[in-house]
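So the sequence lines, in the order shown, correspond to chains A and B.
Mapped onto this note's numbering, the consecutive letters of the first sequence carry residue numbers 1 to 247.
Mapped onto this note's numbering, the consecutive letters of the second sequence carry residue numbers 1 to 417.
Be aware that one or more of the hints could be misleading.
As the list claims (entries may be wrong) - Derived CB-CB ranges, DEER-like:
#  : chain 1 : residue 1 : chain 2 : residue 2 : range
1  : B       : L93       : A       : V129      : 39 to 47 angstroms
2  : B       : V89       : A       : S57       : 55 to 63 angstroms
3  : A       : V129      : B       : S286      : 51 to 59 angstroms
4  : A       : R119      : B       : G85       : 43 to 51 angstroms
5  : B       : V338      : A       : E132      : 47 to 55 angstroms
6  : B       : K115      : A       : P37       : 36 to 44 angstroms
7  : A       : G164      : B       : V332      : 55 to 63 angstroms
8  : B       : D23       : A       : R119      : 43 to 51 angstroms
9  : B       : Q116      : A       : E132      : 36 to 44 angstroms
10 : B       : R416      : A       : R236      : 55 to 63 angstroms
11 : B       : L137      : A       : V129      : 56 to 64 angstroms
12 : A       : A187      : B       : V332      : 49 to 57 angstroms
Said to hold, decoys possible - What the simulated footprint calls covered on chain A by chain B, stretch by stretch (three residues with Cβ under 8 angstroms from a Cβ of chain B suffice, anywhere in the stretch; the number is not a length):
#  : stretch
13 : 87-93
14 : 153-163
What the hints assert, rightly or not - Away from chain A, derived, C-beta distances all over 10 angstroms, residues of chain B:
#  : residue
15 : A16
16 : A30
17 : R117
18 : L168
19 : D202
20 : E205
21 : V217
22 : L220
23 : F245
24 : S286
25 : G393
26 : N410
Just so you know, the hints here were simulated from the structure itself, not pulled from any lab data.
For glycine and all other residues, C-beta sits at the position ideal for the given N, C-alpha and C.
Chain by chain, the residues:
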Amino acid sequence: MTALTLRNVRKNFGATEIIRGVTLDIAPGERHCIIGPNGAGKTTCFNLISGRFPITSGEILLNGERIDTLPPHKINRMGLSRSFQITSIFQRLSVFENLRCALLWSRGYRYSFWSPLWRQKALNEAAEVLLEDLNLSARRDILAGLLSYAEQRALEIGMTIAGGASVVLLDEPTAGMSNTETDYAMALIRRVTAGKTLLMVEHDMKVVFDLADTITVLVYGQVIASGPPVEVRANRAVQEAYLGALE
Amino acid sequence: MKSRWLIPALIAVAIALPWCFYDWGHHRHAGFLLSMLSQMGMMVILALSYNMLLGQAGLFSLCHATFFGIGGYATVHLLNAVGAGDLPVPMELMPLLAGLSGLALAILFGAMATKQRATAFAMITLGISELMATAALMFHHFFGGEGGVTTNRMIENSLFGLTYASGLQVYYLILAWTVLATGLMYYLTLTPLGRMANATRDNFERAQFIGYDPRMVRFLQFALSGFFAGIGGGLYAITYEIVTFDALAAPLSANALLMAYIGGTTVFGGPILGAILITLLQSGVSLLSNSWLVYVGVMFIAMVIFAPTGLAGIIKAHGPIRHSGRLGSLVVPYLRLVIPSLGLLLGFVGIVELMSFLTIGAAQGRKLVLFGGPVDVHAALPWVISCGSLILGALWLRIEAAGFHRIWENLTAEVRR
Numbered sequence: 001m002t003a004l005t006l007r008n009v010r011k012n013f014g015a016t017e018i019i020r021g022v023t024l025d026i027a028p029g030e031r032h033c034i035i036g037p038n039g040a041g042k043t044t045c046f047n048l049i050s051g052r053f054p055i056t057s058g059e060i061l062l063n064g065e066r067i068d069t070l071p072p073h074k075i076n077r078m079g080l081s082r083s084f085q086i087t088s089i090f091q092r093l094s095v096f097e098n099l100r101c102a103l104l105w106s107r108g109y110r111y112s113f114w115s116p117l118w119r120q121k122a123l124n125e126a127a128e129v130l131l132e133d134l135n136l137s138a139r140r141d142i143l144a145g146l147l148s149y150a151e152q153r154a155l156e157i158g159m160t161i162a163g164g165a166s167v168v169l170l171d172e173p174t175a176g177m178s179n180t181e182t183d184y185a186m187a188l189i190r191r192v193t194a195g196k197t198l199l200m201v202e203h204d205m206k207v208v209f210d211l212a213d214t215i216t217v218l219v220y221g222q223v224i225a226s227g228p229p230v231e232v233r234a235n236r237a238v239q240e241a242y243l244g245a246l247e
Numbered sequence: 001m002k003s004r005w006l007i008p009a010l011i012a013v014a015i016a017l018p019w020c021f022y023d024w025g026h027h028r029h030a031g032f033l034l035s036m037l038s039q040m041g042m043m044v045i046l047a048l049s050y051n052m053l054l055g056q057a058g059l060f061s062l063c064h065a066t067f068f069g070i071g072g073y074a075t076v077h078l079l080n081a082v083g084a085g086d087l088p089v090p091m092e093l094m095p096l097l098a099g100l101s102g103l104a105l106a107i108l109f110g111a112m113a114t115k116q117r118a119t120a121f122a123m124i125t126l127g128i129s130e131l132m133a134t135a136a137l138m139f140h141h142f143f144g145g146e147g148g149v150t151t152n153r154m155i156e157n158s159l160f161g162l163t164y165a166s167g168l169q170v171y172y173l174i175l176a177w178t179v180l181a182t183g184l185m186y187y188l189t190l191t192p193l194g195r196m197a198n199a200t201r202d203n204f205e206r207a208q209f210i211g212y213d214p215r216m217v218r219f220l221q222f223a224l225s226g227f228f229a230g231i232g233g234g235l236y237a238i239t240y241e242i243v244t245f246d247a248l249a250a251p252l253s254a255n256a257l258l259m260a261y262i263g264g265t266t267v268f269g270g271p272i273l274g275a276i277l278i279t280l281l282q283s284g285v286s287l288l289s290n291s292w293l294v295y296v297g298v299m300f301i302a303m304v305i306f307a308p309t310g311l312a313g314i315i316k317a318h319g320p321i322r323h324s325g326r327l328g329s330l331v332v333p334y335l336r337l338v339i340p341s342l343g344l345l346l347g348f349v350g351i352v353e354l355m356s357f358l359t360i361g362a363a364q365g366r367k368l369v370l371f372g373g374p375v376d377v378h379a380a381l382p383w384v385i386s387c388g389s390l391i392l393g394a395l396w397l398r399i400e401a402a403g404f405h406r407i408w409e410n411l412t413a414e415v416r417r
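Excised from the complex, chain B in its bound form (with noise of 0.2 angstroms):
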């Protein structure tokens, strides 16, 4: 009853967002917002349909920038096609071609990834993105070595009569193909092979029993993210104009896997909630600071450990409390939370800004800048308030999670009854 004014009005919220923020001075939309929320839903495709393996049919695969790359170096060369007369193809429908492109290559090489299950299927994923990243090194005429491949999105072959000049035309264009994929991808986990995906996760051996080959099903589900992971890498070649080695690299698959995993992978939304999270950390905070993605790699383990359904799945807990009524009487608990929160959190970030100005940041001349004061990185001082912030507040919050823990314990119990 809640998601079905939910996703009219996130689909508003991302239409209206970048209007927000115009700069009606300068009549001009504000870049930084336009290229992040870009990257945005570029990535909230990539993750979802990583999550058709990992959360949909229990498969750990460590090779998925590889169908999200191969889409993007594929956009490139039909882009330089059609630019050069080559090919009618209107802008609008080159992130399915980009999708093609991935299914293609996610059969290839589903075909033998999904042979094998476990480690075993991790295994020969990992092998097939280093396959990938050394071929995108080796064949220059596709990949065009360390330098990737450019082109020029202006092909003037539009469907509407755009011509895609504008940071703006190409983010609602990116935005119609999120939406779009995302329904599709949605749809697929209320049909018979989504389902059996599930089944295929929960109990590979038990499928076999019913009728179906768990491998098929894994095939096909294998070869449909490719698909989707495509079209992710088709929006990114008509955004960026640059393809490199960097989008089938194994560095985005793991971020495709972070994404997903903080995200949550047991709620189909999840992914979307992590790609839409980590590329705001990515965009805000590798501004502010070099060392951002030491704070995603903690924020990875910590949820591995202490959140292992992700956000979404630390959301979905909250159902049953909220349908009761009860919500408020958590307010507090999570207050008493978040202050020893802080004090973790500070101390951490002050310790590794600290050194990270030790080393790199004494290397690019830079000086440490916290709370509107330089700070001195060799005085004692902001070492010892650090470390007595992290220790404390780590103490502290032990004490405070298992008084919340107890809380919510009763509650729940309460709630069930």
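Chain A on its own, in the form it takes in the complex (with noise of 0.2 angstroms):
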């Protein structure tokens, strides 16, 4: 069974067709990247598939069960969790509440409002564990919202694994990093996210050759072509519609 496939989605936003017939199988632990120059609806795609919009037609299904008609947070819950392009956390809480939020649902604790989250061991020293595994340790106790760009993108990645999403989607996590922080953030994301299914989206090259197994080419809303590197690489539609100016 794959992790989540994609059967001719179709998204409409008024008459304009933005997805024209997304079909996608991604298998259990595959690394996953999409690439498409800048308006082919990568960022929609993940939009669809995390439930922030509706599709217009076709269907989404995580681990074999449809999914593309629940809520975003019914579909957090089954275990698909996503990053944002533009950077999205709780400014006005700590580094460390921020974690903390993200690990409390999976943790049970639902809309508990009589456990005093101080007590609650496993889940403060959860959150400390993450902290260490994003190297803000020392940022512990600083308002997210006063983080650098780099560490607010750390954050982020944190945020979206907390959970223990079996199926990580992240987008653009990368963009506007320099190239050590870019480094950094790639060896950041393939620690947290071993042995999860990994859906990317990704404009730096070579970071996409570097990561991917499957590389998923979006032009127009239509997939033009879906393969490993090498395959991707070699393909003239690709070279000629996407790629063409890179090499």
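Mind docking these for me? Both chains are given alone in their own frames, and the hints should help you get the complex.
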């Protein structure tokens, strides 16, 4: 069974069709990158999968179960988590609190207004371990909104993987980073997504070809190629539509 | 480390205060003080419960008095039932039932209001407020129309054998419930729901992608805040033995907002400060002047513009400077602000009072008395002095404020280093 399947997914905004019949199969544990020119619909795809927008037609399955009619929080609870291209964190909470919030649901706290957070030993330790993993321990009690850009991106990734989702969607995690920051972020992503299914939108070709098991090329809302990096690189249509300029 | 003795000290002061003004000659408590302190207690609960929405969950509600009011009406009817011997509930537990009635109504209205966010949420709550105000005037059986519903708190049913005939006993009941409710509301901020309320305030969308339904978070927070507001309303009913339309109408909702905002929404204790200050103004200044609401209004506007973090926020901003032991170096800059501020204030108060006495005061047949002497509101001199003081004060304050701002910036930069 696939971890994530898209079957002929379409999305219209008004009369404009943005996603024009995307079909994708992502195997468990696969590292799958989506590339494509600006406006190809990569982020829209993420928004459809994660439930942020409803699809117009088609089917999306997570571990064999339909998720295309569910709201985002239910999809998340089923084991799919996503990050945002534009950093999306809880600005006025500390770094530690951000991570602890991201852990809460998966640890069964639900909407509890009776369990005191300071006494949840396992939860607090897990948050500390995450801080350590993200190399943010020194920034533990700083308000998340005051972190540097690269630190906020790291926090964003941390919040995405905190809940232990088996399928992780990262939307341009290295956008706007310097080379060193990118290398650092990629090492972090490899470390924290080990053993998980990873679907990633990325512009940096070096990152994509380093990381991906499979690359899907999206152009104007359609998949024009999908396969291992070597095949995609050799694909004529891809070269013409997208990579040509690079080679 | 400081708050460890701060809270017991505050409670001790609240317990001792009535005895500091005890009239030993006549063997009675100062009624004015007791009623002011009682009022403060319920307003503290109202403001804190409102801040569960505004400060903690980022929900701008305009119907908070609805839940305060319903707690009050419910208590009046319950007291009447107990008094008639139909219901065996001791007085001490009355506020709990009032809270439950607030909770029930907040569940109903919260389910509607929290479907929407931001402006739409505010508009729904405005609708709820109007709806309840109309209902209160229409349904006489429960709300008693414009006259309200009255009761007698001497129901002879107490866990401790108290009659509640004296204001002091009522005040201590209010104090106990205020401490309890405040403690519970603080506890809530340390639970998963409380923390997620902060999270949905900061980023509604992100909360969904970590598994939470932000609407559910807000609904629960709304319902719980209604519970506490209801407790406040119950204490109101016990104190005044009458509940009218005023207890649930829009002005009281606005008051809740005012107290929370002026006190400071970003710090848990902020609304307590706001509630105490506003009640002081309400009880103190309203005796001295017809125009006290003008002063509260202007203070609110000034806070929104110049100090959006409220009084508690201002105090909190001094924290790092205090820790570095540099607080002393702010004394002189502050003193330099005080003089022009006083000028501005006196000028403003002068003009407001002169205008007030020109119209309302004249109608009441009263004479304006300032600084121990009568003032002729038709003469030019008082107006000239007031206007001059206002303008000079404002201009001078601008200069001093710029200087203060520089000193403050330098100091905080030094402290951070």
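Tested hints:
| no. | hint | result |
| --- | --- | --- |
| 1 | B:L93 <-> A:V129: 39 to 47 angstroms | 45 angstroms, holds |
| 2 | B:V89 <-> A:S57: 55 to 63 angstroms | 60 angstroms, holds |
| 3 | A:V129 <-> B:S286: 51 to 59 angstroms | 57 angstroms, holds |
| 4 | A:R119 <-> B:G85: 43 to 51 angstroms | 45 angstroms, holds |
| 5 | B:V338 <-> A:E132: 47 to 55 angstroms | 50 angstroms, holds |
| 6 | B:K115 <-> A:P37: 36 to 44 angstroms | 39 angstroms, holds |
| 7 | A:G164 <-> B:V332: 55 to 63 angstroms | 57 angstroms, holds |
| 8 | B:D23 <-> A:R119: 43 to 51 angstroms | 48 angstroms, holds |
| 9 | B:Q116 <-> A:E132: 36 to 44 angstroms | 40 angstroms, holds |
| 10 | B:R416 <-> A:R236: 55 to 63 angstroms | 58 angstroms, holds |
| 11 | B:L137 <-> A:V129: 56 to 64 angstroms | 59 angstroms, holds |
| 12 | A:A187 <-> B:V332: 49 to 57 angstroms | 53 angstroms, holds |
| 13 | 87-93 | holds (count 6) |
| 14 | 153-163 | holds (count 4) |
| 15 | A16 | 31 angstroms, holds |
| 16 | A30 | 40 angstroms, holds |
| 17 | R117 | 15 angstroms, holds |
| 18 | L168 | 34 angstroms, holds |
| 19 | D202 | 4 angstroms, violated |
| 20 | E205 | 7 angstroms, violated |
| 21 | V217 | 7 angstroms, violated |
| 22 | L220 | 5 angstroms, violated |
| 23 | F245 | 32 angstroms, holds |
| 24 | S286 | 36 angstroms, holds |
| 25 | G393 | 36 angstroms, holds |
| 26 | N410 | 21 angstroms, holds |
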